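Residue numbering for the sequence shown is 49 to 149, as defined by my numbering.
In short, the hints are calculated from the structure, not lab data.
The structure displayed is predicted, hence computed values, not measured ones.
A portion of the hints provided could be inaccurate.
As the list claims (entries may be wrong) - Listed below are the simulated DSSO-like cross-link pairs for lysine-lysine, each with C-alpha atoms no more than 30 Å apart in a straight line:
no.	residue 1	residue 2
1	Lys118	Lys99
2	Lys93	Lys121
3	Lys102	Lys138
4	Lys102	Lys120
5	Lys120	Lys99
6	Lys102	Lys118
7	Lys121	Lys102
8	Lys118	Lys93
9	Lys99	Lys138
10	Lys120	Lys138
11	Lys138	Lys121
As the list claims (entries may be wrong) - Here are the in silico distance ranges between beta carbons for each label pair:
no.	residue 1	residue 2	range
12	Thr63	His113	43 to 53 Å
13	His113	Met88	50 to 60 Å
14	Ala86	Tyr54	17 to 27 Å
15	Met146	Tyr75	33 to 43 Å
16	Leu55	Leu114	39 to 49 Å
17	Val60	Lys120	30 to 40 Å
18	Asn108	Ser61	27 to 37 Å
19	His113	Thr70	41 to 51 Å
20	Met146	Met88	28 to 38 Å
21	Thr63	Glu130	36 to 46 Å
22	Glu56	Arg92	25 to 35 Å
23	Asp109	Leu55	46 to 56 Å
24	Gln142	Arg111	19 to 29 Å
25	Arg92	Val60	44 to 54 Å
Every residue, glycine too, gets a C-beta built ideally from N, C-alpha and C.
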Amino acid sequence: VKQAIYLEMQTVSETYPELRITEHQWYQVLECLRELVATMELERKAEFDYKQMKEQHSFNDYRVHLEYFKVKKTAQQVFEVEQRLHHLMKRIDQTNSMKSA
């Protein structure tokens, strides 16, 4: 895995020489992306479970409401991971701006 990441870093560095990203930053971005994919999967499952529960039970059934809250919770988690990724990319961009100045 480490060798594959290194090769990817090398390819990106050759393609975009103006982008200076360290190996540590690559790992941070990849870890954040992995977390984003995992939370999106949880969100998708929660939405599916909620849809199933709605079809099987009355809207007033507490189980339907529990599934709805799971959907809301996972959507919030996805949003938080997206925000972390956005801030990480912004920090990398700021670091690159300072290096080139």
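Results for each hint:
1. Lys118 <-> Lys99: Measuring from Cα to Cα gives roughly 12 Å; hence the hint holds.
2. Lys93 <-> Lys121: Status holds; Cα separation ~12 Å.
3. Lys102 <-> Lys138: Judged against 30 Å, a Cα distance of about 40 Å means the pair is violated.
4. Lys102 <-> Lys120: 15 Å, holds
5. Lys120 <-> Lys99: 13 Å, holds
6. Lys102 <-> Lys118: At roughly 13 Å apart (the allowed maximum being 30 Å), Lys118 and Lys102 satisfy the hint.
7. Lys121 <-> Lys102: Cα-Cα ~18 Å, so holds.
8. Lys118 <-> Lys93: 10 Å, holds
9. Lys99 <-> Lys138: 37 Å, violated
10. Lys120 <-> Lys138: 27 Å, holds
11. Lys138 <-> Lys121: With a Cα-Cα distance of about 26 Å, the restraint between Lys138 and Lys121 holds, given a limit of 30 Å.
12. Thr63 <-> His113: 43 to 53 Å: 49 Å, holds
13. His113 <-> Met88: 50 to 60 Å: Check failed, 23 Å falls outside 50 to 60 Å.
14. Ala86 <-> Tyr54: 17 to 27 Å: 24 Å, holds
15. Met146 <-> Tyr75: 33 to 43 Å: 21 Å, violated
16. Leu55 <-> Leu114: 39 to 49 Å: 46 Å, holds
17. Val60 <-> Lys120: 30 to 40 Å: 36 Å, holds
18. Asn108 <-> Ser61: 27 to 37 Å: At roughly 58 Å between Cβ atoms, Ser61 and Asn108 fall outside 27 to 37 Å, so the hint is violated.
19. His113 <-> Thr70: 41 to 51 Å: 46 Å, holds
20. Met146 <-> Met88: 28 to 38 Å: 32 Å, holds
21. Thr63 <-> Glu130: 36 to 46 Å: 25 Å, violated
22. Glu56 <-> Arg92: 25 to 35 Å: Holds - the Cβ-Cβ distance for Glu56 and Arg92, about 26 Å, lies within 25 to 35 Å.
23. Asp109 <-> Leu55: 46 to 56 Å: Given about 52 Å between the Cβ atoms, the range holds.
24. Gln142 <-> Arg111: 19 to 29 Å: Violated - the Cβ-Cβ distance for Gln142 and Arg111, about 47 Å, lies outside 19 to 29 Å.
25. Arg92 <-> Val60: 44 to 54 Å: The hinted range 44 to 54 Å is violated for Arg92 and Val60, with Cβ atoms some 29 Å apart.
Consistency with the previously given hints fails for numbers 3, 9, 13, 15, 18, 21, 24 and 25, ordered from lowest to highest.
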